[in-house]
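Student: Those protein sequences? They're chains A and B, same order as listed. Following the numbering used here, the residues of the first sequence are numbered contiguously, the last one being 1948. Following the numbering used here, the residues of the second sequence are numbered contiguously, the last one being 1948.
Read the hints as simulated data drawn from the structure, not as lab findings. Quick caveat: nothing in here was measured; it's all calculated off a predicted structure. Be a bit skeptical, because a hint or two may be false.
Within a straight-line C-alpha distance of at most 25 Å, the following computed SDA-like cross-link-like pairs (lysine to any residue) qualify [to be verified]:
| hint | chain 1 | residue 1 | chain 2 | residue 2 |
| --- | --- | --- | --- | --- |
| 1 | B | Lys1777 | A | Gln1727 |
| 2 | B | Lys1545 | A | Arg1928 |
| 3 | A | Lys1659 | B | Asp1924 |
| 4 | A | Lys1693 | B | Glu1915 |
| 5 | B | Lys1693 | A | Arg1928 |
| 6 | A | Lys1693 | B | Glu1916 |
| 7 | A | Lys1547 | B | Arg1928 |
| 8 | A | Lys1659 | B | Gln1727 |
| 9 | A | Lys1777 | B | Gln1727 |
| 10 | B | Lys1784 | A | Arg1928 |
| 11 | B | Lys1777 | A | His1866 |
2 protein chains.
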Amino acid sequence: MLKAAKELAEALGQDAVSFDEDVIEHHGHSEWSTSNTAVRPVAVVYPKSTNDVVTIAQMCNKYKVPIVPFGAGSSVEGNFSSPHSGICVDFSLMDQVIAFRPEDMDVTVQPGVNWVDLNNQIAASGLFLPLDPSPTAQIGGMVSTNCSGTNAMRYGTMKDWVVNLTVVLADGTIIKTRRRPRKTSAGYNLTSLFVGAEGTLGLVTEVTLKLAPIPEDTSVAIVSFPTIKEAATAASSIIRSGIQLAALELMDDLQMQIVNRHGSASVKKRKWLEEPTLFLKFSGTTDAIKSDIKRVSQLMKPHNPRDFIFAKTPLEKTSLWAARKEALFTMLNTRPPGTEIWSTDVAVPLSQLANLITLTKQDCSQLNLFASIIGHVGDANFHTAILYDPRDAEQTAAVGKVVKQMMRRALEMEGTVSGEHAIGIGKKEGLEEEVGGEVVDVMRRVKRAVDGKGIMNPGKVFDLS
Amino acid sequence: MLKAAKELAEALGQDAVSFDEDVIEHHGHSEWSTSNTAVRPVAVVYPKSTNDVVTIAQMCNKYKVPIVPFGAGSSVEGNFSSPHSGICVDFSLMDQVIAFRPEDMDVTVQPGVNWVDLNNQIAASGLFLPLDPSPTAQIGGMVSTNCSGTNAMRYGTMKDWVVNLTVVLADGTIIKTRRRPRKTSAGYNLTSLFVGAEGTLGLVTEVTLKLAPIPEDTSVAIVSFPTIKEAATAASSIIRSGIQLAALELMDDLQMQIVNRHGSASVKKRKWLEEPTLFLKFSGTTDAIKSDIKRVSQLMKPHNPRDFIFAKTPLEKTSLWAARKEALFTMLNTRPPGTEIWSTDVAVPLSQLANLITLTKQDCSQLNLFASIIGHVGDANFHTAILYDPRDAEQTAAVGKVVKQMMRRALEMEGTVSGEHAIGIGKKEGLEEEVGGEVVDVMRRVKRAVDGKGIMNPGKVFDLS
C-alpha cells in the first residue's frame, strides 16, 4: 500500500499525497459517526482532475489497494472509514463549477463543491438545487449517500436531481452515465445505480444536476400538539390533502426544550411550547401560500392543535425556521464534555410513523440520557439523536441496543434501516435484514461485475464474502 | 424450446400454454411498432402467480430457452418481439390489485393491471397514479420501459413512483427489491435498475406504487404561436417561472390540421388555428389555478401568442384537452389504407428543443408524407409520427433515415435517443452512440451478473456479444 502511495506521489506530485499523521487521522476517524474502525488509510491523495483520479485507480488496481473516497467528512455511518486501510481520496481540490447552463436549468460540478456555496453562486439566476442535507455536505458525498433533508417532501432525494455522472471505475476506465436530457428511458439506469452506492462501484468525478426555480415566496408556520400521535395524524391529513408543502418537520418535546434553553438569541425571544411541534414550510406564489395556510389551519383543527403560529414578516419566517435548522448544532454545542451524538434515522410507511416514534421514545426514556426525535414527517422518515459517552462501554451498548431495536421495528413495519444516511459500515447487518440475503447477493454480483478486485471502498454497504 | 414449452404445459396445466398460430402471431408482431423481426416465439405462457413465473424461469433456464415478457403489446420499439424465438410470457392473467393502502398512499399490484382501471378503482380514495402513458398500458410494461406521458413535467417518470418490485430472476430466484418506505438510502438502488431494463434482468411479478393526491381542481388552456420557436420560447419562460403546471404539451401545425379535419365531434366544434399550439394543464387549488393562469398569460405576451383560450367550464376543459389526447388515435383512424405509423421520440436539454423540432420538421417535409410533431415540452421530449407504407421499401428507408437523423441531432445536442419508449430492438445502435461502448459494456456486465445464460429477453437494449 505504501508503495502504491509513494508511486502516486511521484505520478501526481509530492504535494498531492499526504502521509501526515494528523491528516490521516482526520480522514480515518469521525466524531460525527458512531461507526469508526481502528484501522487508518496509509495516505491521503488530493486529485485535481478526472485524469488524476484515473491515475489513482490504475495504481491501486495494479497493487490491489483499497480506495476510500472522502468528501466533507460529515457522514454518520462510517461511510469513509478505512476498515481495510488503503488510500483515501479527498476531493476537496475538485471544487469547481464546470458549466452552469441556466437556459437548460442544469449545472455540471466537481464532487468537492459544497451545495450551499453552489446555491449562493447561482442564486441570481433564480435557480437552485433544492436538496437540504447538512450545510457542510459536498455534492460527491450527497450523490454517494443519496442524501435528502427537509425539502425531500416536495423535491425528492438526490437521485431525482442527478442528470448524469462521470465515474472512474476500478480499472481506471472513465464512463459518463448519460448526456444531458431531462428525461430518458434509454438503457439501464446506471445513474441511479451509482447514486447511493457510497463509492463502492466507482469514483464520481463530475456531476450534472437539474436545478429548480426558486419559489416566488415561502412562508413558515409552527403548531404544537399534546401528543406525537396527534401531531403525526395532523401531518398525515395535510399530506393526503395534496397541499404542496416544501417541508413538514416534527420536533419532539425534548427537542423543543433544547430550543428554549439553548437556542440562538433570535430563536429564544419566543417562549416555545415544550410539546411535539410541527414545522411547516410553504412555497409558491404569495397568493397560493395564503390559501394553503388557510387550508392547513382547517385541517389541523380536529387534532387538538395548541397554537398555530405563522410568520407575518420575513424576519419572523427566518426565526421560526431557525429553531428547526439549529437543532443538530444546538445539541452538539450544548452537550456535556466527553459525550458524543449518536445520530441515526429510519423511514417507514406513512401510517406507521406515529407508532414507531412513540415506541422509540419509550425505549429512549429508559436510557436516562438525552435522546430527542426530529422527523421529516412528510417522508415518514425520522432521526433519533442520543447524547452518550463513548468511553462508557455499558452506556454505548445500551444505546446501540435501542438503535437496533428502532431499526428492527422499522423493518417489522415494512420500513428501511436508513432513510437518508446510507449504510456505511454501521448498518450492514440492518441492510441484510431489510432486503434479505438474496437481494444483497444481487448487489454483490453487480459489485463484482464492475469492481472484480473489490478495491472500491471495501467493507461498506455489504461484505463481499 | 418446444420441449420446454410442453413440459411447462404439463407443469402449469394445458390451458396455461398456447401453441395457437394466431396467438403466437399476436405476441410476436406489432403494428404499433416499426421494429419487428421475422422470428416468432414457439409458445405463449399465461402465468397466474409469482410461483408460476418461477416454474417458467426454472424450465427455460434448464433448457436455455429465451423468455420474452408481454404486457399490453403497445410498445413501439419491438420491445416484446422474439428475435431469438423462445417462450413469450403474457401477464394478462396476473391482473389483480394485491393490496391498496390509502393510509400509506401506496398500492401493490400484479403486472397485468391496466393503469386506467387502477385509477378508476381507487378514485374514491382521492388518490391516483399520476403517470399518463398510452391508455392501453399495463403496469408491467410501464415499469419495464420507464414510461411517462403528459404528466411527467409535474410528476416525473415511472421510476419515481415505484416503491418496490418483486422480480423472478433467470434461475427462478424470487427477490423483492425493498420493503415499503417512501424514502430510503439503504444499499444499491436495484428498484431503479429493474425499472427500464425491459425484462432483460428479470420478470417483474409484483409492483408497489406510490400514489399522489388527486388535485383539488384542474384547468386547461391553449395558445397558438406563429412559429415553433416562439412556442418553445414561451414554454421555456413558463418552466423557468416555477409555475407548477401538470402538463405543457405542444402540437405542430400539421397535427392541428388533423384536429380540425378528423377530431371527434366535441373537439371539432371549435375552429382551431392551424399553427404550433401549446396545451397547458393547470392543477392545484381553484384559487392557485386562477392566479397561475393570470401569470402564464403575462409570461406569454412577449412571444406573439395568437390567442389564449382557457376553459371556463368542466365541459370546455375536457374538450380542449381531448384535442391533445385524441392525437395518436385520430392519426391511426384516419391514415390511408396500408399505411402504418412510425412513432419515435427523443429528449434534449431545454434550450435545444425548438431548434431540434425545427430541423426535424424540415427533414420530414422532404418525405412528402404526413409527419407531425407532438411534444412534452415541459421535459424537452417530443414525438414524431410519420405515416408510411411499410411495403414500400424505398419509402421505409427514407423514413428510417429521417428518424436516424433526428436521433443523431438529439445526441449532438446532448440529448437521448429515447425519452419514454425505451430501446427494444429499434434503438440499440442509438443507445451505443448515445452513451458509448464502455457504458453499454457496464450494462452488459450487470446483465451477465444476474442472467448468466442470457435468457431474459435477449437481443433487447443491447446485444450481449
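Student: Does each hint fit the structure? Answer for all of them.
Tutor: The hints, checked one at a time:
Proposed proximity of B/Lys1777 and A/Gln1727 is supported: the alpha carbons are some 20 Å apart, at most 25 Å. For the hint linking B/Lys1545 to A/Arg1928, the alpha-carbon distance of about 21 Å falls within 25 Å, and the restraint holds. Pair hint A/Lys1659 plus B/Asp1924 holds up; C-alpha atoms about 12 Å apart against a cutoff of 25 Å. Taking the CA atoms of A/Lys1693 and B/Glu1915, the gap is near 24 Å; set against the 25 Å cutoff, the hint holds.
For the given pair, B/Lys1693 sits about 28 Å from A/Arg1928 by alpha-carbon distance, which is inconsistent with the 25 Å threshold. At most 25 Å may separate the alpha-carbon atoms for a hinted pair to count; A/Lys1693 and B/Glu1916 meet this at roughly 23 Å. Proposed proximity of A/Lys1547 and B/Arg1928 is supported: the alpha carbons are some 21 Å apart, at most 25 Å. For a cut-off of 25 Å, the pair hint linking A/Lys1659 to B/Gln1727 is broken: about 31 Å separates their Cα positions.
With a CA separation close to 20 Å, the supplied pair A/Lys1777 and B/Gln1727 stays within the 25 Å bound. At roughly 56 Å between alpha-carbon atoms, B/Lys1784 and A/Arg1928 are farther apart than 25 Å, so this suggested pair is violated. A hinted pair counts as satisfied when its Cα atoms are at most 25 Å apart, and B/Lys1777 with A/His1866 does not qualify at roughly 42 Å.
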